[in-house]
Amino acid sequence: MRILPFEYAVRNLGRSPARLLLTVGGSALVVLLVLTATGFVNGMQAAFVTSGRDANIILMGSGSEESIERSEVSMQTSGIVAASVPGLIKRAGIDAVSPEAHVAIPIKGIGEEGTMSVIRGVEPPAFLVHDEVRVIAGRPPRSGGNELLLGRLVARSMGFDPPELAIGTMLEIDEDPYEVVGVLEAEGGVAEGELWTSLTDLMATSQRDSISCVVVSMDDAKPADIEAFAATRLDLELIAMPEVDYYAKLSAFFRPIALMVLVTAALIAIGAVLGGLNTTYAAFASRVREIGTLQTLGYSRQAIALSLIQESLLAAAIGTLIACGLGAWLLDEVVVQFSMGAFGLRIDAAVIAWGLGTGLVLGVIGAILPAWRCLRLPIAESLKAGE
Amino acid sequence: MSTPFIQCRELTRTYTRGTERITPLDKLDLDIDRGQFVALMGPSGSGKTTLLNLLAGIDSPTEGELLIGDTPVHSLSRGRLAAWRADHVGYIFQLYNLVPVLNAYENVELPLLLQSITRQERHRRVSNAMEAVGITDRHKHYPRQLSGGQEQRVAIARAIVTEPDLLLCDEPTGDLDRETATSIMDLLQRLNRDEGRTIVMVTHDPATTRWADTLLHLEKGRLLEHEEVTT
Ligand SMILES: Nc1ncnc2c1ncn2[C@@H]1O[C@H](COP(=O)(O)OP(=O)(O)OP(=O)(O)O)[C@@H](O)[C@H]1O
Ligand SMILES: [Mg+2]
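Protein sequences, first through last, are from chains V and D.
Heads up, the first sequence stops at 910 in the working numbering, and the numbers go up one at a time, no gaps.
Heads up, the second sequence stops at 307 in the working numbering, and the numbers go up one at a time, no gaps.
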């Protein structure tokens with residue numbers, strides 16, 4: 524098949540700058556929307572996947588399996604676990620047994636009214652158990668000092684970029700002043716959206732006498748060993764759940780939200796495409812006589828359709844590249860706050876691929892229907908158009 | 077006697093719109109010899125454009141046969157027709173129909189892009205065609221920068237650049253003033269006499285028929301008379 528010069532498609536783009544702007548802007552918006560939605564779902568999933576470690580078992584109060592925040596476990600549990608379950612990881616004299624309090628309370632200094640945030644009271648073993656967590660600036664909180672280790676995303680959502688600038692900031696938790704002494708990173712895990720402090724300080728501030736859970740890391744121990752421990756120590760009212768399962772459940776809980784986000788994005792995108800079809804159709808329809816002339820000269824309908832698709836694809840590609848650039852620059856790691864923490868939008872190669880794919884489909888679909896409507900006219904009729 | 081270049085046998089074109097049937101061309105028999113310059117006249121709606129479109133292979137007859145050269149044009153598929161048009165037909169429109177985003181040179185070059193020839197050969201042919209119509213100094217001009225007469229010259233250059241046997245013109249001077257029309261008619265006559273191109277021209281203007289050697293009258297889809305015009 525002999526095709527029209529690519530140049531022809533390029534110059535046709537310039538025929539109506541307003542329409543070009545509309546097409547480029549429209550496709551950029553649709554692609555940005557798709558990037559945001561897929562980045563959202565991607566970030567959410569990554570947070571849950573990263574946070575669940577294969578070697579970890581969470582011991583929670585029986586009957587509150589669905590939420591650590593609602594779980595209550597006796598303070599002595601961690602000591603008893605360390606003494607009774609052999610085969611747990613031990614490093615430099617520290618047992619990988621981490622007693623933790625997960626509390627969701629509003630923190631003054633974050634947001635206007637004090638945003639609901641997850642604050643986690645921990646002891647040093649927490650860093651052994653949650654080995655994805657690294658202190659990237661400052662130091663871990665010391666007990667008794669009302670000190671905070673800020674998740675990277677929390678620092679960012681407070682406007683600190685780079686996040687280490689947050690060090691030295693004073694925050695208020697339940698009317699107790701706390702000082703930020705460090706920033707943590709967790710490979711995208713949920714901890715990045717939390718504030719960590721010393722367990723004893725948090726217990727004092729929140730006036731709790733029980734902790735939320737104990738997380739242990741197994742070395743030779745088998746999950747069954749820990750389950751057996753929980754089953755035999757009825758007095759502690761514990762249940763043992765692999766950390767992976769816990770986050771898988773959480774992930775399943777949020778799946779409908781992820782689905783809703785994707786469906787909404789898809790619906791808006793389809794709406795935009797339908798709107799765009801009219802614009803493209805108007806652009807092609809105003810050239811029906813020219814299309815008839817090209818056919819008279821001997822160009823096949825396929826050749827002309829190809830040129831129209833090139834034209835539309837070119838406009839969509841410009842919009843898509845702008846959107847992907849903006850997306851990678853502005854959307855990546857944007858903090859999404861939700862009831863139980865925060866996670867960052869994650870614009871990685873896969874998400875960008877979705878954006879590029881959307882732009883491609885937009886360009887082709889957006890041209891095929893209008894092109895078909897213009898090209899299905901008999902040539903003799905096309906030649907009369909606009910007379 | 078040699079066989080005619082164009083043979084129409086009971087050529088019929090019927091349009092159906094709902095229950096209404098219009099037959100702008102009704103069992104037309106017509107022979108045109110190679111090298112003839114035919115002027116086609118007739119009242120509005122008499123089927124002139126319809127006939128021209130059939131001869132050009134951009135429309136297909138409902139019934140009847142159309143032979144051009146050795147080609148049974150009436151039986152070609154859509155794709156074959158397109159290829160046949162590219163090689164054998166030059167079409168000249170009343171309103172020029174130049175592509176606005178291409179300059180004069182590129183407009184003339186357009187039909188050559190469908191042929192397997194080298195760049196140099198293409199350049200040579202475009203230059204020749206533009207010289208033949210007298211617009212060598214307007215290569216880089218876009219259609220909107222040309223006068224109507226110049227636009228029609230570019231359109232004629234585009235029609236003859238593939239060196240087709242058959243030139244079809246639908247009111248080629250319909251939109252031009254008398255003086256410009258005269259020069260365009262002179263040009264068509266030269267293409268006919270010097271290069272032997274067969275021309276079928278639809279016209280409303282009796283003055284333009286004196287350049288033709290044959291005048292045909294169409295009325296309600298039938299030929300009225302066959303009359304030689306003395307030149
Ligand atoms: N696509 C079509 N559908 C239905 N009827 C058509 C179509 N094209 C042409 N006709 C009809 O065919 C008849 C002949 O049309 P045609 O264009 O051949 O006339 P014409 O002789 O060229 O007229 P004019 O001098 O005004 O250009 C007209 O009655 C017209 O309405
Ligand atoms: Mg007509």
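No lab work stands behind these hints, which were simulated from the structure alone.
Watch out, some of these pointers could steer you wrong.
[What the hints assert, rightly or not] Taking lysine-lysine pairs in the DSS-like style, the calculated list, with each CA pair at most 27 Å apart, reads:
(1) V:Lys772 with V:Lys907
(2) V:Lys907 with D:Lys296
(3) V:Lys631 with V:Lys613
(4) V:Lys907 with D:Lys103
(5) D:Lys103 with D:Lys296
Hints, verified against the model:
1. For a cut-off of 27 Å, the pair hint linking Lys772 of chain V to Lys907 of chain V is broken: about 65 Å separates their Cα positions.
2. About 20 Å separates the Cα atoms of Lys907 of chain V and Lys296 of chain D, which keeps this hinted pair within 27 Å; it holds.
3. With a C-alpha separation of about 38 Å, the suggested pair Lys631 of chain V and Lys613 of chain V falls outside the 27 Å cut-off, and the hint is violated.
4. At roughly 24 Å between alpha-carbon atoms, Lys907 of chain V and Lys103 of chain D fall within 27 Å of each other, so this suggested pair holds.
5. Distance check on the hinted pair: Lys103 of chain D and Lys296 of chain D sit about 11 Å apart at the alpha-carbon level, within 27 Å; holds.
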